[in-house]
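Trainee: Single-letter residue listing:
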Amino acid sequence: MDFAFFILQFLNGLASASSLFIAACGLSIIFGVTRIVNFAHGSFYMLGAYFAVTLAPRLMESINPFLGFWGGILAAAMIVGLLGVLMEMLLLRRIYHVPELFQLLATFGVVLIVQDLVVLIWGPEDILGPRAPGLKGAVNILDQRFPEYELFLVAAGPLILGAIWLLFRKTRFGVLVRAATEDREMTDALGINQKLLFTGVLFLGASLAGLAGALQIPKEPANGFMDINMIAEAFVVTVIGGMGSVPGAFLAALLIGELQAFGILLFAKSTLVLAFLAMAVVLILRPQGLLGKPAVNTEHSEFASSIPLRPWPRWLVLAWLGAIVVFACLPFVVDSFTLKLAIEVMVFALFAMSLNLLIGLGGVISFGHAAWFGVGAYAAGLLAVHSHSPMLLALAAAPLAAGVAAALVGAFIARLSGVYLAMLTLAAAQLIYAIAFQWTGLTGGDDGLVGAWPDAWAKSRVVYFYLTLALAGGAVFALRHIAYAPFGYVLRAGRDGPARAEAIGINVAAARWVAFTIAGMAAGLAGGLYTFSKGSIDPTVLSIPTSVDVLAMTLLGGVHTVLGPVFGAAALHLLQDFAMPITDHWRLILGGGIIAMVLAFPEGLVGKLRSWFMPAEETP
Amino acid sequence: MSKFLSRRRAILGIFSMSAAVCAVLAGGSMISSVSAADPIKIGELNSYGRFAAFTQPYRNGWQLAVDEINAAGGVNGRMLEVISRDDGAKPGDAVRVAEELVSREKVDVLFGTFLSNVGLAVSDYAAQNKALFLAAEPLSDAITMAKGNRYTFRMRPNTYMQTKMLVEQAKTLGVKRWAIVAPNYAYGQSAAENFKRLIKEAIPDAEIVAEQYPALGKIDAGATVSALAQAKPDGVFNVLFGGDLAKFVREGNVRGLFEKRTVLSLLTGEPEWLSLLKDEAPKGWIVTGYPVNQVEGDGHKMFADAYKAKFNDTPRLGSLLGYVMIQSIKAAVEKAGGTDTEKMVDALKGLEFDTPIGMMTMRGDDHQATMGAWIGKIDVKDGKGVMTDWAYADGKDYMFSAEEVMKTRPQ
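Heads up: the sequence lines are chains D and R, in that order.
At position 218 of the first sequence the residue is numbered 217 (numbering that gives the first Met the number 0), and the sequence of numbers has no breaks.
At position 96 of the second sequence the residue is numbered 95 (numbering that gives the first Met the number 0), and the sequence of numbers has no breaks.
It should be emphasised that the hints constitute simulated quantities derived from the structure, not laboratory data.
Please read all numbers here as calculations on a predicted model, not as lab measurements.
One should not assume that every hint holds.
As the list claims (entries may be wrong) - On the chain D side, residues computed to face chain R include the following (Cβ under 7 angstroms):
hint	residue
1	4
2	6
3	144
4	219
5	224
6	246
7	539
Virtual Cβ for every residue (Gly too), placed ideally from N, Cα, C.
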C-alpha cells in the first residue's frame, strides 16, 4: 500500500466519520437528557434527506445555486428539528415514566409510521439530489483525486463538535442540558422547567439528525432505507462512545469510519462485522463505552411487580385444556394455509414466551431476542441444507446452539441492568446478524439458506402441525412451570428486590444468566421449528424488526401474566396475516398500534382481561 | 358478582370463542369447483416497495397485457385474473407469499420476482410443491442451471448471457487489467463469476486486479472507488444497480475512476436506472439496456403506443418484461389446453410465443427464454442519459451450450 493511497483512504475514513458523528451525536444528546433511546433518530435523518432533495433544487432555481443549496440543507434541518419538537410534545412527554422497553417500542412505532408516510408523500422511488455548488470538483492530494465535498465533510464534523461544545459551555441552555444529563431529579428539584428543556433537547437532537441526512444528498439518493441503515450505525457509535457523551461519539465515529475505510481493503466482504466486532470488544472491556459513565444499578427493575403469582384456579386449567383440544382439532377443519398460520402462531408463541421469561419474571430487558431465534433457525437450516441431517437432529441442535450462544453472551451482560443491558443485547443481535449477513460461504449471506424442508415423514402439513404442537406446546408449558418452580421465585426476587435477594444468599446475576440461557434455548427451538415450516431462512430473522415484533407480542399479551404472550403472538400474527394483503400501509397500522398500546394499556391484553375477570383475587 | 358466575362466564366465553374461530376458518376453506368459465387465476409477486423504479412500470406492463387479452375475449374463453402481492424483497417473505397465493388463492401459475435470491427461494418452493413458477427478472444462472427444476422457467437473459454480450464488445478492445464491482448476493456473485470465466476465454492474458463486493444497498462508495482505482485497472466490470449505482457513479465521476478506462456494465442502459442519474449518466460505458424510444418494428411501436395511451408514460424495460410475461402465460395455457400444472410445464418446454420484439422460444433444455438485450454505449442528450450505437443481441446466440446444461442442471 503506497503512502498516497494510505492518506487518501484515511481521508475517506475521516469523511465518513464526520457524517457518522453528526448523525449519531443527536442520539447521544437526547439519550443523555431524556434517557430515551430514540429509534426514530434514523427517521429524522431520512426525513432530513427527503426535505433537502425537495427544497434544495427549488431554492437553487429560484434564488441562486449557492444560497439555494445551503439554504435548502439548513431549512431541511430546521423542519426536522420542529418535527422532533412535535414528537416530544405529542408522544415522549407521555412516556417518560414508563419502563425503557415501552419507550424503545414507542419510538420504533414512530419509525414504522414515518416509513409509510415517506412512501405516501415522496413515492417509493429513490430521489437523487443536486451536488453542492462550488464543491463539485476534486482536489489533487499527492497525485490522487479527492472530492472537495468530502473535504468539506471532514471539516464539518469537528466544526459541529466545536459548536456543541460552545453551546454546552457558554449558554444557559447548555449548562442545563449538562446538569440534566448528570442528574435529572436534581435539576428538576432546583425548579428548572423540565418540559421546556426536554423540548429544546429534542429540537437540537432532531435537527442534527436532519442536518446529517441533508448533508448526504450530494452523495446518496434519498431512499426509504436510510433510517434503518443509519440507526444501526448510530447505535454502534453512541454505544462505543458511551451513551450521552458527545466527545465519546466523536471518538467512536472516528474509530468506525477508519475501521471501515481500511477494512474494505483487507476484508472487503465483512465490513459490517468489523463495526459490530469493534463494539463488542469495547463493551467487554468497558461496558459503559469509551467516555460514558458507569450505569447506576437501580434498586429494582422497572418491571418489578406488586402482583403476586398465584396458582391457577381449576376453571382456568380446564379452560386451557379445552382450548388445546379445540386447537388440536384444527387439521380436521381448516385448509393447508390456515394450518401453516397455526404453526407460525405456535412458533411465535414460544418465541414470545421465552422473551417473557426474561422480561416478566427476570425483569431483564432484552432488545435483541431475535439473535437466539435466528441462531436456532440457522443451526437447524445449516444442518439440514449443508449436511443433510435428519430433521429431528437439526431440531435438537437448534436450542443447543442458541443456548450456547445465549450463555456466552449472557456471561458478559448478566451483571448489568436497565438500558445498558438492553443495548448490549441489541449489540449482540446485530453482531450475529452481521455474521449471518456477510459470511456468505456458510450462511449464503443475503440469499439465505434455501431447501430446509422437513423429512419425508413430516412433510405433510398435518404431521408438522402436531410435531410443532408437541414441541412448542411442551416448551411453552415448561416455561410456564418455571414461573412456579423455585427458580421462578429466585428470578422474581431478583427482579423485585435485588439487594434483599442477595442478602438472603441468592446470586442474582447467576440466576439471570441461567434465565438468559434457558430463554435462548426456547427461542432457538422456536427458530428451528420456524426454519422447517418455511423451508428457507435468511438474515431477516436476526434483524431489528424481528426483535421488535416479538417484543410487541410479549407486551401485547402482558408481561405480568403467565401465558399472556401466547395470546399476544396469536393476536399480532393473525392481524398481520389479515391486514397485509388488503392494505399497503401495514407499517402505519402496526406503528400506530404499538404506540396506542404503550399509551393505553401497558399491562397487555391478558393483563387487562385478568383485571376484569379476577379483580378481587389479584389486587393486593 | 359471585366467583361462580365469573368462572362459568369465562369458560363459556373461551369455548364459544374457539368454536367461532373454527367455524370461520372452516367456512373460509370451502372451495368451489372449477368450471370452464371461471377466470384463470395468476399469482404475481414482486418487490413493489423496495425496487419501485423497475417494478411499478413492470406492473403497468402486465396490466396492459391482461386488459388487452381480456378485452379480446380472454384465453380459451376464460378471463385472466392476476392476484398481485409484494414479495418484501426477502427470500423468506416471498416464499410465504407464494404459498399464500397457491394454497389460499388457488392460483394456477406464479410469476414475477426481482432479486435473484428471492427468485431462487420461490423456485425452490415451486419444486417442492409442484407449482409452476415463471421467474421474470432474477438473473442468477442458478435458477435455470445448478438449481434448475422442472417447475421453474425464466424470461430475462441470465447473467451468463448478458455478460457474454458485453465481453464480446470488450474483446476487440483488448483490455487486460480488469476490476470487478458487484453487489454481494446471488446476482452479483453469479455475474462476477461469469465475467472471470468469459474474459479469460475472450482475452487469454486478461487478469482481475481488484474485486469489490459491497452489500446490496449498503455501498461505501468513496472507499470502494478509491480501492478500485488503487489497483490501476484498464477496465471496470460493474454489476451495481439502483441506489448503489448512483452513489458509485457520482464518486467515480468526481474521482476520475472512469477516465481513460473501459467500463462494461450490466443493466445500466435500462431506463429505470438511467433516469435516476440524469445528466450524470456515465458517458462511454458499454452497457446492456433498452433504448426504448429508438427501438423499431411495428410490434414494439404498437406496444409502446398502447402503453403511452394507457399510462401517459414511456415504457421501461420492466413494462416490456411484464407484458411479455403475460403473453408467455397465455401461449402456454393455449398450448396446454388448460391450466393443469403438469400440462403447462410440458407446454412451456420449447414454447414459441409472440412478443412486441418478435418471436421468442422457451428453451426446453434449461427453461431459459431466448429474450435478448440491447447492447450500446451511454451518452447524455438534453440532460438525460441515452443509449447510442446500440444493437439488439438475440438471446438464442448467447445461451449455455446444451452439453453444459446437461452437466450442470440436476436431472
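Trainee: Indicate, hint by hint, whether the structure satisfies it.
Mentor: To see whether the hints hold, each was checked on the structure:
1. 4: 5 angstroms, holds
2. 6: 11 angstroms, violated
3. 144: Since chain R brings a Cβ to about 5 angstroms from residue 144(D), closer than 7 angstroms, the hint holds.
4. 219: 5 angstroms, holds
5. 224: OK, holds: residue 224(D) within 7 angstroms of chain R, min 6 angstroms.
6. 246: 25 angstroms, violated
7. 539: At about 5 angstroms, which falls below the 7 angstroms cut-off, the nearest Cβ of chain R leaves the hint on residue 539(D) intact, so it holds.
When the structure is compared with the earlier hints, violations turn up for hints 2 and 6 and for no others.
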